[in-house]
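Novice: Here are the chains, one letter per residue:
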Amino acid sequence: MSASYNMMEMMICAAARILEDGKTVAVGTGAPCAAAMLAQKTHAPNLVIAFEAGGLAPRLSQMPISVGDSRTFFQANSAAGMAEMMTTCARGMVDYAFLGGAQIDKYGNLNSTSVGDYKKPKVRFPGSGGANDFASLCWRTLIMTVHNRSRFVEKVEFLTSPGYLGGEGEREEAGLPPGTGPYKIITDLAILGYGEKSRRMRLESLHPGVSVDKVRENTGFALEMPEKVALTPEPTAEALRVLREQVDPQRYVIGK
Amino acid sequence: MHMDTQENPRILDQITTETPVGLPQGEGPLFGDPDPDAARAFFMGKSRSETDKRMSAKQAVERFITDGCYLAIGGFGANRIPTVILHEILRARRRGMAFLGHTSTHDFQLLCAGHCLNRVDAAYIVGLEARGLSPNARRVVQSGEVELCEWTNHALSVRLQAAASGLSYGLLRSMLGTDTFRRSAGKVVRCPFTGKKFVALPALWPDVAVIHVHEADVFGNARIRGISVADMELARAAKRLIITAERLVPNLEIRQDPTRTAIPYYLVDAVVHAPFGSYPGNMPYEYFSDEDHLMQWLAAEKDPEIFARFLDQYIYQVADFDEYLQLCGGLGRLRELRDQECLAAD
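Top line first, the protein sequences correspond to chains H and Y.
Residue 288 is where the first sequence starts when you use my numbering, and the numbers rise one by one after that.
Residue 6 is where the second sequence starts when you use my numbering, and the numbers rise one by one after that.
Simulated from the structure, these hints should not be mistaken for laboratory data.
Even glycine gets a Cβ: it sits at the ideal position worked out from N, Cα and C.
Be aware that a few hints might be false.
Examples of chain H residues toward chain Y, derived with CB under 8 Å [stated by the list, open to error]: (1) Asp356; (2) Tyr405; (3) Gly417; (4) Ser448; (5) Leu463; (6) Pro465; (7) Pro495.
Derived Cβ-Cβ restraints for the label pairs, each shown as a range [unchecked claim]: (8) Y:Arg98 with H:Gly379: 27 to 35 Å; (9) Y:Met300 with H:Val499: 35 to 43 Å; (10) Y:Met300 with H:Glu459: 38 to 46 Å; (11) H:Gly466 with Y:Thr56: 48 to 56 Å; (12) H:Ser291 with Y:Lys201: 50 to 58 Å.
With these hints in hand, go ahead and build the complete structure from the sequences.
Specialist: This is the structure:
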């Protein structure tokens, strides 16, 4: 790996490239927000950024700390409420959503609720928040996460937010809107997607300097492999400049 | 059109042959009665008169927030929250309350610090978003001290909207197929028109809600700037409503621009004049959150003994919220937070 950028910058630039101009993306705080801001300031000036608490289409100038703080509706087109944002998802007008979690399984199901016995958990996490709503209702869900065996597990201990549930057809069977579901996972090792039929997690591209074995070692289940594993493009000099100078000048997310 | 007439009988067959018992149901506990007629009977007796409802935060807690009641807090965790009332709840040593844990962060952290809760409708709890997780709130929840029912943020706003509409349930198209649903008190239902599956969510009428606003008159007509989060629904679902306001304005000012009234006075039971009442939270267009002080909370919580002293220093041995603001740096600090908020464009 080149020394001219760090892994967080690599992940943010890779996530930003996925977001297309003229689409809507629901984001939280941190790296996903940085990716959306970067996309908006480079190739996707008409990207609509939306926050679950009601901030819609802001001109983000500073990195929000909360998805409901006043930065999320700075010079926004609308400062609405949660119902406005969530019903917009339900109407099919939100294309992408970024999610996170303590655990993810081979079908892209996420756990952000608890580990251990539910009633007396070893660790309690916040729960769904708006994540289950986004995972259910947005067209394509994206995940940015570090890649290791404690996160990439065979089966999540609590299924907080739906991926493809138990495989092909299960989302539709449960009643979730057809055509929705997990799309890409951007990790510190690779970019992954899902098999079109199997709905199982599949390696797509390796970041420079990462081997297939390294990804396998850090994944707690068998990954589907494409015929040919691609190489994730490195961040461009222009993307890095905008990220460092305009998106995160305080280096809250990309690190000091 | 021909396709439609062929398809419809098949859907109708499914409706008549599949009993409701065959559809999934959540196993979580239901806190509260979803009967709209019980709520109507309560609201029939609620005052409609324009009376001066001003009182102190302490008086509002004494009169309207009781042990065991179902409490809901407006705003979004550490944004536009009535911290001024939350501190009084702790000082009043309220116990055994139920709580609406939608988007809760510093509010939940405070109520866990006071061990005020034993039932929580949880969509987002124990965390403070990008700041990290609250060690003490986690200890409280992991000990089994509070009984939980799982929901999503949208689910809780739909439950409030159903209550505000005088219905016994609302509908949602998320939660389906997950453990979040299994640990909720929702039920899957089939649409009588399309045969599609949705989650029926029981209406929720909190006993008391507290909402912090920018401006209110003495009767309770209230204005909110910026995002409303779920406060439009909450104000109309709650049986009792305490408004805390940065500023009081004359009723004539409300009447000159009634389009700006987010919450009409007849929903309101108490008006508390509370400048900087959301501190250390963010109040849009007024002051940004005090991130240094919020990080002090998280640091103190790591050690229960240090945290007990921290709570004594900042809450239990403090007379009122004004004294807390003084302890946290007073007008000097508040001026800095106002500049952070109001000069964000520079």
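Novice: Is the shortest C-beta separation between H:Ser448 and chain Y less than 8 Å?
Specialist: Holds: closest Cβ of chain Y sits about 7 Å from H:Ser448, inside 8 Å.
Novice: Using the Cβ atoms, figure out if H:Gly466 sits within 48 to 56 Å of Y:Thr56.
Specialist: Check passed, 54 Å falls within 48 to 56 Å.
Novice: Quick check: does the Cβ-Cβ distance between Y:Met300 and H:Glu459 fall within 38 to 46 Å?
Specialist: holds, 45 Å
Novice: Let me know if the C-beta of H:Gly417 comes in closer than 8 Å to any C-beta of chain Y, holds or violated.
Specialist: holds, 4 Å
Novice: May I ask you to test the interface hint for H:Pro465 with respect to chain Y, counting a Cβ-Cβ separation under 8 Å as satisfied?
Specialist: At 10 Å from the nearest chain Y Cβ, H:Pro465 fails the 8 Å test, so the hint is violated.
Novice: Regarding Y:Arg98 and H:Gly379, is the given constraint of 27 to 35 Å on their beta-carbon distance met?
Specialist: violated, 49 Å
Novice: Do the numbers back the hint for H:Asp356, that is, is its least Cβ distance to chain Y under 8 Å?
Specialist: Holds - the Cβ of H:Asp356 comes within 8 Å of chain Y, reaching about 5 Å at its closest.
Novice: Does the nearest C-beta of chain Y fall within a distance shorter than 8 Å of the C-beta of H:Leu463?
Specialist: holds, 5 Å
Novice: Holds or violated: is there a CB of chain Y closer than 8 Å to the CB of H:Tyr405?
Specialist: holds, 7 Å
Novice: With a cut-off of 8 Å on the beta carbons, see whether H:Pro495 makes it to chain Y.
Specialist: violated, 29 Å
Novice: That 35 to 43 Å hint for Y:Met300 and H:Val499 (C-beta), does it hold up?
Specialist: holds, 41 Å
Novice: Taking the CB of H:Ser291 and the CB of Y:Lys201, does the distance hold inside 50 to 58 Å?
Specialist: holds, 51 Å
The structure is inconsistent with the numbered hints 6, 7, 8, although it conforms to all the rest.
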